[in-house]
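Given chain S's structure and the hints, the job is docking chain Y onto it.
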Amino acid sequence: NAGVMQNPRHLVRRRGQEARLRCSPMKGHSHVYWYRQLPEEGLKFMVYLQKENIIDESGMPKERFSAEFPKEGPSILRIQQVVRGDSAAYFCASSPDRGREQYFGPGTRLTVT
Amino acid sequence: ILNVEQSPQSLHVQEGDSTNFTCSFPSSNFYALHWYRWETAKSPEALFVMTLNGDEKKKGRISATLNTKEGYSYLYIKGSQPEDSATYLCALRSNDYKLSFGAGTTVTVRA
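Protein chains in written order, with this note's numbering: chain S, 1 to 113; chain Y, 1 to 111.
Any given hint could be a false lead.
Unchecked claim - Residues from chain S that keep clear of chain Y, each with C-beta distances beyond 10 Å, as calculated:
hint	residue
1	Leu11
2	Val12
3	Arg13
4	Arg14
5	Gln17
6	Gly28
7	His29
8	Leu43
9	Lys51
10	Lys62
11	Glu63
12	Ser87
13	Thr113
Stated by the list, open to error - Restricting the straight-line Cα-Cα distance to at most 30 Å, the calculated cross-link-like pairs of lysine-lysine (DSSO-like) are:
hint	chain 1	residue 1	chain 2	residue 2
14	S	Lys71	Y	Lys58
15	Y	Lys42	Y	Lys69
16	Y	Lys98	Y	Lys58
17	Y	Lys57	S	Lys71
18	S	Lys51	Y	Lys42
19	S	Lys71	Y	Lys42
20	S	Lys44	Y	Lys58
21	Y	Lys69	Y	Lys57
22	S	Lys27	Y	Lys42
23	Y	Lys98	S	Lys27
24	Y	Lys69	S	Lys27
25	Y	Lys57	S	Lys44
Derived by calculation from the structure, the hints in this document are not laboratory data.
Note that the Cβ used here is the ideal one computed from N, Cα and C, for glycine as well.
Extracted from the complex, chain S is given alone in its bound form (with noise of 0.2 Å):
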């Protein structure tokens, strides 16, 4: 049973680009989280969706940030028009219900130049 997987591992977008960033959750997962670490932070909870729906995004900034978690496919976190303060490493967790263990992806590490 493969784990969570998070593609691309690393990304590098120049300032006003689009960074997305996808997340294959576990086999029988539907629950899927987004975290974000910060340079010197913990990870940060941004939003919590199920498959088709956003659940909680009350840790996602409000402009510019948005998460979809298709019927079918990966869950895109999607930044527009990046700036140098997005630069961090993002992380996928999924879980197969509510209340559950979530399990972590390797991460993917955006850099704006």
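Relative to the frame of chain S, chain Y by itself:
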């Protein structure tokens, strides 16, 4: 979002020595405390989940305790080995899904 502090930020241990480090939190108003082990370029790996004051969990040479009354959890590594080198993350679960992480303690075991 719950406030989670981990100390020290990093530590070096001689192979064979035992060590411990702390996760502290100002409030015991949480569902569970999680410990993760995270090696560079890999996924954070779940070690323990603890919910009750006085909980003790053990996995091989690694163990953890939880004291909700005084607001801390300790992680112990007995007889450290080079493969124990990693960053150890503590997280509090504030409801049934939202995790708040500390910045981690990075352990380096010297052979």
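Right, here's what the structure says about each hint:
A cut-off of 10 Å between C-beta atoms confirms that S:Leu11 is not in contact with chain Y; the least separation is 15 Å. Every CB of chain Y lies more than 10 Å from the CB of S:Val12, the least distance being 17 Å, so the non-interface label holds. The beta carbon of S:Arg13 is kept farther than 10 Å from every beta carbon of chain Y, the shortest such distance being approximately 21 Å. Remark: the non-interface label on S:Arg14 is consistent with the geometry, its nearest Cβ contact in chain Y lying 25 Å away (cut-off 10 Å).
Interface exclusion of S:Gln17 from chain Y stands, the closest Cβ pair being 25 Å apart, more than 10 Å. No Cβ of chain Y comes within 10 Å of the Cβ of S:Gly28; the nearest lies about 17 Å off, and the non-interface call holds. With a cut of 10 Å on Cβ distances, S:His29 stays outside the contact zone with chain Y, its closest approach being about 13 Å. Distance check on S:Leu43: its Cβ comes as close as 4 Å (rounded) to a Cβ of chain Y, failing to clear the 10 Å threshold; non-interface status is violated.
No beta-carbon of chain Y is positioned within 10 Å of the beta-carbon of S:Lys51; the least distance is around 15 Å. Annotated as non-interface, S:Lys62 keeps its C-beta farther than 10 Å from every C-beta of chain Y; the closest such distance is 16 Å. Non-interface status of S:Glu63 relative to chain Y is upheld: no Cβ of that chain comes within 10 Å, the nearest being about 20 Å off. Chain Y leaves S:Ser87 outside its interface by the beta-carbon criterion, the shortest separation being 17 Å against a cut-off of 10 Å.
S:Thr113, annotated as away from the interface, keeps every beta carbon of chain Y farther than 10 Å; the closest lies near 21 Å. Of the supplied pair hints, the one linking S:Lys71 and Y:Lys58 is violated, its CA atoms being roughly 39 Å apart against a limit of 30 Å. For the proposed pair Y:Lys42 and Y:Lys69, the alpha carbon gap of about 34 Å is over 30 Å, so the pair is violated. Only pairs whose Cα atoms come within 30 Å are accepted, and Y:Lys98 paired with Y:Lys58 is accepted, the gap being roughly 24 Å.
With a C-alpha separation of about 38 Å, the suggested pairing of Y:Lys57 with S:Lys71 is violated against the 30 Å cut-off. Simply put, S:Lys51 and Y:Lys42 have alpha-carbon atoms about 26 Å apart, close enough for the 30 Å limit, and the pair holds. Taking the CA atoms of S:Lys71 and Y:Lys42, the gap is near 27 Å; set against the 30 Å cutoff, the hint holds. Proximity of S:Lys44 to Y:Lys58 is assessed by CA-CA distance (about 27 Å); at most 30 Å being required, the pair is judged to hold.
Distance check on the hinted pair: Y:Lys69 and Y:Lys57 sit about 18 Å apart at the alpha-carbon level, within 30 Å; holds. Restraint check for S:Lys27 and Y:Lys42: satisfied, since their Cα atoms lie roughly 19 Å apart, inside the 30 Å limit. Restraint check for Y:Lys98 and S:Lys27: the C-alpha separation of about 21 Å stays at or below 30 Å, so the hint holds. About 39 Å separates the Cα atoms of Y:Lys69 and S:Lys27, which puts this hinted pair outside 30 Å; it is violated.
A distance of roughly 25 Å separates the Cα atoms of Y:Lys57 and S:Lys44; the hinted pair therefore holds under the 30 Å criterion.
The structure is inconsistent with the numbered hints 8, 14, 15, 17 and 24, although it conforms to all the rest.
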